[in-house]
Amino acid sequence: MSKAGSEYMDKLMNNRLFRALFIILFPVTVFGILLLTEGKNPIETYGVILNAVFGSRYGFGEVVVQATYLILTSLTAILPYRVGMANAGGEGQMAIGALCTAIAGTTFLSRMPAVIGIPLMMLSGMAGGAIWAGIPVLCKAKFRMNETLSSILMNYISTYFISFLLYGILKDPKGWNYPQTMEVAGQLRFRMLFSTRANVGILISILVAIGCWYILQKTKIGFTIRTIGGNTTAAVYSGINVKLVQSAVFTSAGALAGLAGAILIIGVEGRMRVDSGTTMGFMGFLAAGIVNNNPLLAILSAFLIAGLNIAGNAMEINTGLPSASIQILIMLVLLTIMGMGRRKKA
Amino acid sequence: MSTIIQTKDLTIRFGSLVANDRLNIEIEEGTIHAIAGENGAGKSTLMKMLYGVYQPTSGDILVDGEVMHGWNAAMARSKGIGMVFQDFRLIPAFTVLENVFLSMRDAGFVLKKKELRKQILTLSEEYHLGVNPDDEVWKLDLGQRQHIEIIKVLSTPNIRVMIFDEPTSVLAPHEINRFLEMLKSFRDRGYAILFITHKIDEIVSVADRITVLRHGKITSSLSREEGFNRDQIIRSMLGDDVSRMQISMERTVPDISGMENIELDRLTIRDEHNREILKDITLSIRRGKILGVAGISGNGQREFAECLFGVRKSTSGRILFGEEDITGSGTGKRIGLGFRMVTEDPIHDNVVGNFTVLENMALAGLEVTTKRGDVDWKDLEEQFRSHPEITDLNVPEVHRIAGTLSGGNVQRMTFARAVVSNPSLLIACYPSRGLDVATVAVVHQTLMRLRNGGAAIILISEDLSELMELSDELVVFAAGSASGPFDPGTADVNEIGRVMLRGAGSNE
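So the sequences go chain by chain: R and F.
Counting along the first sequence from 1, when you hit position 150 you're at 150 in our numbering, and nothing is skipped either side.
Counting along the second sequence from 1, when you hit position 251 you're at 1251 in our numbering, and nothing is skipped either side.
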């Protein structure tokens, strides 16, 4: 009887429709119960959440804006993972990318026309991110430092470094003493789409994600990368210069975080602030993890996390719950997805 | 003699694979029962089923004539059945005593160290195991670790059946005889011994009964009284494929004009702990020759191979390829020169588990052509299907995932990969370890064919008979240096054995 029961459970868990329903309903139910204990009406609250994301152009536009960054920062985590490394420094790499973009856009590129200026600003951002990721790579090569730990520490350094500059030499003289750079000239900005803050950046992100997938799965370079990820020793024995490829991939991943920073400045912010783009790097790491480091699926997970983030802000405003409470829902959703993911393999 | 375990039509399936198909065997007290068969014949599965790790899909296990229901490892232990696993389950940081204690489920809350120590010492003395209860396990070699596993089993209350899964595969040659003697002494005290092995000589020398499995079925089961011999066992292991055994080991004189030899000039190599594991090695590695490297493992064989392949740096000395000094070059460059290596653990070092066979064959194997920036997989597949070596070696199908292959199939694949591109130097480390007779024969034949084609071959092995049979020259690694070269045609095996044990000092 119990054996038949457990077999039935196994079958149920392997049913796609059931799995999809479970992933949605389980976190929603648990969070609903939590809301009840706080004296809130779950149905009303979920109404607020849905309304925040799908109820207005602005709301959905904000989701798209965040997804833009998250797609890129998830790739920042995914690519190094594919060569057996862990990059936890997306946060700092994106911030430095944004900083470099803002500097380039307000100094030597400020009078350039868009067709030259914007690509060069993006390149500046990517260079910034690559350099910031290059430091852990160098530390690994020269001093055998663990790249995961050093890339985390680089996040803190970037925060203080940026503050130092924004309170100092980069402070906008006409900025009412706010710690922020000057504003990038109008021609060097993306146009807003559909009267939201969404911009062409989302297309860039999605194309980059597809490009990464293509390179990994359909090119010789990708084959080399997958070999290293599959078995580093076997890669060494087949003559691949593993350290070189690892360094190149890790640095390129930093460049993608830098690109996210560039899009942040060019698309939405227009200038660097102390908290521009914060948490996007960390959330990207999460987005990568829940889809098992698949670059295409990362587009979906980026949208999911972006949607929940935006919903959290709306919840705070409309229900009086602290926005941190949405973190509970986010974690419930992520843990459920990860739990079900494991199930599939077993 | 009474029967302890009896199986009736014992069957186990893994998906569509029938790993054991209606097996009927009897385990009697005071006998050594050997189970033989090729890699993947279902031997380990059967052992694990008897020990309760796997549950049969159908059929019965009877202990003392009684059908067991819900058979599991705890029941097996309570019925006096113990198992010595191939991969030891020991905690290196703990002492022998602590490890033995861990295995005793009903040992109570307080460590009764005194009693247990006495018990270990008694057992150790009785069977000449030489185990000191207070040694930490990480300090012990594999043979000694096996003794601890045996003590763990022996100290189980009312133990009657001991199951050994390929017990001799971890042992050095000089330890094997002692081990077989130990098995006999267990038998003489009335234990039932069940052991798996690939090595036919071992079976013939100690077994009272031998059961041969092939594709999950019993092909023969004979007692010593009924008579069994080497040829007959091989035939029932290989079935119709027995023709595979008729292979050519002809030694020809290859034309090696214009081919570069490899010269090692006073090469010194350090190991992971920065100790000089090999010092001032000067050797000629010549084309069209098999250079055998003998020695007890851990005497620098691995480091030597890695250094030749460019995976490890030498501390001093030079490596010359013809006239060219390649000491500082990396693995990529050496692969370009035609160096190939099959490591001692190909699954770990040479194979990407989640890749297909074809993808693995592209790693320093088949010639990789590209098409629109991608590897031209179609072309590679054609190469795979048309290459005679790949066909001869019977490499598994291209689309199979490498991680699911058996050890023998992995060895076939890695060997084929090293061979397809006509290497200038092949470094083969323990190529026959853990393989069945048929695969070993194929591997040997391939080595000889390469040699006859003008490749330089380094054959690293612990198996002296293999080395004597295949090598043109033999060196012995011991105590940090290489002795020799010896001529296998004239050298005395005992002399080489002495050098292995004592090092070069005894030779000079």
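Accuracy of the hints is not assured; some may be wrong.
[As the list claims (entries may be wrong)] Label pairs and their in silico Cβ distance ranges:
| id | chain 1 | residue 1 | chain 2 | residue 2 | range |
| --- | --- | --- | --- | --- | --- |
| 1 | R | R16 | F | G1353 | 19 to 29 Å |
| 2 | R | Y214 | F | R1230 | 32 to 42 Å |
| 3 | R | G339 | F | K1118 | 44 to 54 Å |
| 4 | F | R1385 | R | K218 | 51 to 61 Å |
| 5 | R | L36 | F | K1008 | 50 to 60 Å |
| 6 | R | F26 | F | D1141 | 43 to 53 Å |
Think of the hints as simulated: they come from the structure by calculation, not from any bench.
Ideal Cβ placement from N, Cα and C applies to all residues, glycine included.
Does the Cβ distance between F:R1385 and R:K218 fall inside 51 to 61 Å?
23 Å, violated
Just tell me: holds or violated, for the beta carbon distance of R:G339 and F:K1118 against 44 to 54 Å?
49 Å, holds
Could one say that the CB atoms of R:R16 and F:G1353 fall in the range 19 to 29 Å?
Because 27 Å falls inside the window, the suggested range holds.
Holds or violated: the 50 to 60 Å window for the beta-carbon distance between R:L36 and F:K1008?
Taking Cβ atoms as reference, R:L36 and F:K1008 lie about 59 Å apart, which means the hint holds.
R:F26 paired with F:D1141, Cβ distance criterion 43 to 53 Å
About 52 Å separates the Cβ atoms of R:F26 and F:D1141, which means 43 to 53 Å holds.
Holds or violated: the 32 to 42 Å window for the beta-carbon distance between R:Y214 and F:R1230?
57 Å, violated
Of the numbered hints given earlier, the model fails hints 2 and 4; all others are met.
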